[in-house]
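Line by line, the protein sequences give chains F and W.
Just so we're aligned: the first sequence equals residues 60 to 517 in our numbering.
Just so we're aligned: the second sequence equals residues 18 to 213 in our numbering.
Hints may contain errors.
[Stated by the list, open to error] If you anchor each label on the Cβ, the simulated ranges turn out as follows:
{"id": "1", "chain 1": "W", "residue 1": "GLN202", "chain 2": "F", "residue 2": "TYR336", "range": "37 to 47 Å"}
{"id": "2", "chain 1": "F", "residue 1": "GLU151", "chain 2": "W", "residue 2": "ASP172", "range": "32 to 42 Å"}
{"id": "3", "chain 1": "F", "residue 1": "GLY383", "chain 2": "W", "residue 2": "PHE75", "range": "46 to 56 Å"}
[Claimed, not checked] Computed list of chain F residues with no C-beta within reach of chain W, every gap over 10 Å:
{"id": "4", "residue": "LYS310"}
{"id": "5", "residue": "THR337"}
{"id": "6", "residue": "SER370"}
{"id": "7", "residue": "ASP376"}
{"id": "8", "residue": "GLN516"}
For the record, the hints were derived by calculation from the structure and aren't laboratory data.
Think of the CB as a built atom: it goes at the ideal place given N, C-alpha and C, for glycine as much as any other residue.
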Amino acid sequence: MGKTLFEKVWDNHVVDQLENGPDILYIDKHLIHEVTSPQAFSALKERNVPVFRPQQIVATADHNVPTLNQHLPITDELSRNQVAKLRQNCEEHNIELYGLGHPYQGIVHVIGPELGITQPGMTMVCGDSHTSTHGAFGSIAFGIGTSQVAQVFASQCLLVGKPKSMRIVVNGELKPGVHPKDVILYIISKLGTDSGTGYFAEYAGSVFENMTMEGRMTVCNMSIEMGARGGMIAPDETTYEYVKGKEFAPKGKELETKISHWKTLPTDDDAVFDKEYTFDAADIGPMITYGTNPGMGIRVDEQIPTNENESYQKALDYMGFSQGDSLHKLPINYVFIGSCTNSRIEDFRAASKYIKGKKKASNVNALIVPGSQQVAKQIQAEGLHKIFEAAGFEIRQPGCSACLAMNDDKIPAGEYCVSTSNRNFEGRQGPGARTILASPMTAAAAAIEGKIVDITQL
Amino acid sequence: MKKFTRLQQTAIPLDIENVDTDQIIPARFLKATDRKGFGENLFRDWRYNGDQNPIDSFILNNKNYSGPILVAGNNFGCGSSREHAAWALTDFGFKVVISSFFADIFQGNALNNGLLPIQVNPEQLTLIFKAIESDPKCEFIVDLEKQTLQIASIDLIIDFEINGYKKICLINGYDDIDYLINNKQKIIEFENKRNA
Ligand code: SF4
Numbered sequence: 060m061g062k063t064l065f066e067k068v069w070d071n072h073v074v075d076q077l078e079n080g081p082d083i084l085y086i087d088k089h090l091i092h093e094v095t096s097p098q099a100f101s102a103l104k105e106r107n108v109p110v111f112r113p114q115q116i117v118a119t120a121d122h123n124v125p126t127l128n129q130h131l132p133i134t135d136e137l138s139r140n141q142v143a144k145l146r147q148n149c150e151e152h153n154i155e156l157y158g159l160g161h162p163y164q165g166i167v168h169v170i171g172p173e174l175g176i177t178q179p180g181m182t183m184v185c186g187d188s189h190t191s192t193h194g195a196f197g198s199i200a201f202g203i204g205t206s207q208v209a210q211v212f213a214s215q216c217l218l219v220g221k222p223k224s225m226r227i228v229v230n231g232e233l234k235p236g237v238h239p240k241d242v243i244l245y246i247i248s249k250l251g252t253d254s255g256t257g258y259f260a261e262y263a264g265s266v267f268e269n270m271t272m273e274g275r276m277t278v279c280n281m282s283i284e285m286g287a288r289g290g291m292i293a294p295d296e297t298t299y300e301y302v303k304g305k306e307f308a309p310k311g312k313e314l315e316t317k318i319s320h321w322k323t324l325p326t327d328d329d330a331v332f333d334k335e336y337t338f339d340a341a342d343i344g345p346m347i348t349y350g351t352n353p354g355m356g357i358r359v360d361e362q363i364p365t366n367e368n369e370s371y372q373k374a375l376d377y378m379g380f381s382q383g384d385s386l387h388k389l390p391i392n393y394v395f396i397g398s399c400t401n402s403r404i405e406d407f408r409a410a411s412k413y414i415k416g417k418k419k420a421s422n423v424n425a426l427i428v429p430g431s432q433q434v435a436k437q438i439q440a441e442g443l444h445k446i447f448e449a450a451g452f453e454i455r456q457p458g459c460s461a462c463l464a465m466n467d468d469k470i471p472a473g474e475y476c477v478s479t480s481n482r483n484f485e486g487r488q489g490p491g492a493r494t495i496l497a498s499p500m501t502a503a504a505a506a507i508e509g510k511i512v513d514i515t516q517l
Numbered sequence: 018m019k020k021f022t023r024l025q026q027t028a029i030p031l032d033i034e035n036v037d038t039d040q041i042i043p044a045r046f047l048k049a050t051d052r053k054g055f056g057e058n059l060f061r062d063w064r065y066n067g068d069q070n071p072i073d074s075f076i077l078n079n080k081n082y083s084g085p086i087l088v089a090g091n092n093f094g095c096g097s098s099r100e101h102a103a104w105a106l107t108d109f110g111f112k113v114v115i116s117s118f119f120a121d122i123f124q125g126n127a128l129n130n131g132l133l134p135i136q137v138n139p140e141q142l143t144l145i146f147k148a149i150e151s152d153p154k155c156e157f158i159v160d161l162e163k164q165t166l167q168i169a170s171i172d173l174i175i176d177f178e179i180n181g182y183k184k185i186c187l188i189n190g191y192d193d194i195d196y197l198i199n200n201k202q203k204i205i206e207f208e209n210k211r212n213a
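Construct the complete structure from the given sequences, taking the supplied hints into account.
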């Protein structure tokens with residue numbers, strides 16, 4: 060029997076198998092950031108254990124950094140300490156750090172791919188659930204807890220049980236105005252937030268084959284929102300083209316050897332998945348969420364479904380919606396275009412295309428937060444900043460920002476925010492904030508119109 | 018890690034589904050660089066209102082319920098990988114969480130911190146909620162060695178699953194780092210073979 064993409068990469072990294080227990084899985088790349096690493100460093104110190112392979116670790120500061128005046132000391136004392144602690148730990152253990160002020164700084168899941176650190180066939184981990192983003196390259200990438208961050212520090216390995224495999228196939232042609240974000244929001248709305256628990260997903264079919272790497276990253280990013288540890292897409296020409304020429308990507312002969320290996324990775328025709336789902340691209344339209352988990356999504360032209368469940372009603376109460384409501388034309392006051400889901404250059408190109416020559420509605424605060432310093436630079440290079448500024452959008456410096464509201468970028472209680480991030484949990488964007496997840500296009504249109512609109516109807 | 022073997026105590030019912038890690042510990046409390054004190058902010062925005070006064074209707078503020086066992090609705094611990102969620106629960110005093118479904122990363126984090134996640138089926142979960150509702154003082158007996166959860170007041174005995182390796186770790190208070198460090202030689206051999 061053939062093997063799946065996931066199995067091939069997994070099996071290449073198994074150091075040992077414990078009887079009735081987990082595998083010892085070797086980790087190629089370990090990404091760290093300021094929020095989930097300090098306690099792991101302390102755990103090492105308590106045991107007097109060194110970092111085993113510091114050259115396989117890359118650090119950045121993203122979750123807890125301000126998006127204004129990054130050249131100044133951070134004013135919030137706790138945040139400043141956390142970022143300082145990361146620097147101190149990296150220096151002490153000889154770990155490469157792209158901290159504030161570094162031209163490579165940015166959201167950990169944006170910088171890995173854009174620097175060529177992320178490559179097909181790798182195993183990658185990070186103390187952050189959206190590590191699944193890197194699966195877009197055909198790597199096994201997943202989020203881990205801080206105890207596991209310490210395990211990887213100590214041994215470059217993890218003790219993990221092998222997840223089951225699922226495949227999600229979407230064939231057909233996406234309608235104009237339908238973004239990769241809509242595809243993944245659609246999938247999660249159909250499958251639910253726990254359908255992937257215990258599984259690693261592979262996305263297959265013509266929709267993903269025709270997607271850019273940025274789009275694939277958006278899709279894989281949200282795999283965790285259906286409970287899956289990660290999501291993968293088979294590497295192909297689009298992948299190799301993207302990786303080629305990136306700072307830390309293999310070059311010349313080495314690249315050729317790598318590519319011939321990468322070509323062996325896609326799932327064999329006779330491989331079997333533990334479960335499989337198929338969708339038709341024609342059914343997918345611009346999506347928005349109406350509740351407090353990413354599975355509570357509908358097409359903009361649909362109504363909020365009815366459901367007797369108490370937790371469901373609680374979620375609608377929090378959002379200020381009723382069963383059967385339509386959100387089309389709902390007035391909104393905040394728009395956030397950013398986060399590791401949608402803060403790559405392609406996302407800003409898509410948003411700017413819509414915004415060009417228009418002005419945001421006067422009631423809307425619209426925030427643009429690039430995913431990295433390199434994306435920020437590219438926005439300038441392509442002149443997109445002029446379009447955003449003329450339309451009244453505010454462009455900030457790179458970081459996670461209003462995606463999780465650890466810094467000052469918070470949405471006030473009770474306000475609606477159309478956000479390109481990945482989580483609409485209660486209070487995710489600030490206590491009481493009401494998040495409506497959407498694609499960059501839908502978010503851009505909401506900023507201009509001051510309400511939720513169906514971009515395919517404009 | 019603390020050892021876990023057996024426990025006989027009361028439980029607190031949190032009858033809400035999809036409790037995500039942002040509710041367990043909101044992001045703004047993740048700025049600490051050590052592991053202590055997270056219990057104070059466990060379920061912060063459900064426990065306290067904007068003026069920092071306790072919200073009486075929230076279960077942790079209800080004096081009728083106490084104990085180191087949390088019984089929660091389906092899909093507990095979904096969302097982020099933050100281990101702070103497990104730290105907040107253990108720091109608050111929880112030793113066991115019962116639900117009909119746990120999110121993956123949360124489950125791993127819980128086990129790595131001596132917090133035992135017990136998965137029961139949805140019908141059993143309903144029975145358990147009912148048992149606490151009719152008698153908030155009913156005792157739960159959790160026996161990790163035998164892998165049983167028992168509620169005498171309703172004559173319920175449930176056999177629960179746990180990974181064999183994790184069970185040994187919990188009972189002995191070992192963790193994965195100890196295990197991996199002891200296997201370094203194998204890891205180095207693996208690296209050498211790959212680079213050859
Ligand atoms: S942008 Fe949001 S989801 Fe992504 S890493 Fe940062 S906090 Fe996590």
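A quick look at each hint next to the structure:
1. GLN202(W) with TYR336(F): 37 to 47 Å: Taking Cβ atoms as reference, GLN202(W) and TYR336(F) lie about 43 Å apart, which means the hint holds.
2. GLU151(F) with ASP172(W): 32 to 42 Å: 57 Å Cβ-Cβ, so the 32 to 42 Å window is violated.
3. GLY383(F) with PHE75(W): 46 to 56 Å: Given a distance of about 29 Å, which is not inside 46 to 56 Å, the answer is violated.
4. LYS310: At about 18 Å from chain W, LYS310(F) clears the 10 Å cut-off, so the statement holds.
5. THR337: Holds, because the least Cβ-Cβ distance between THR337(F) and chain W comes to about 24 Å, which exceeds 10 Å.
6. SER370: The assertion about SER370(F) is violated, with a minimum of 4 Å to chain W.
7. ASP376: holds (13 Å)
8. GLN516: Correct as stated: the minimum Cβ-Cβ distance to chain W is 32 Å, above 10 Å.
The structure does not agree with the numbered hints 2, 3 and 6 stated previously, though it agrees with the rest.
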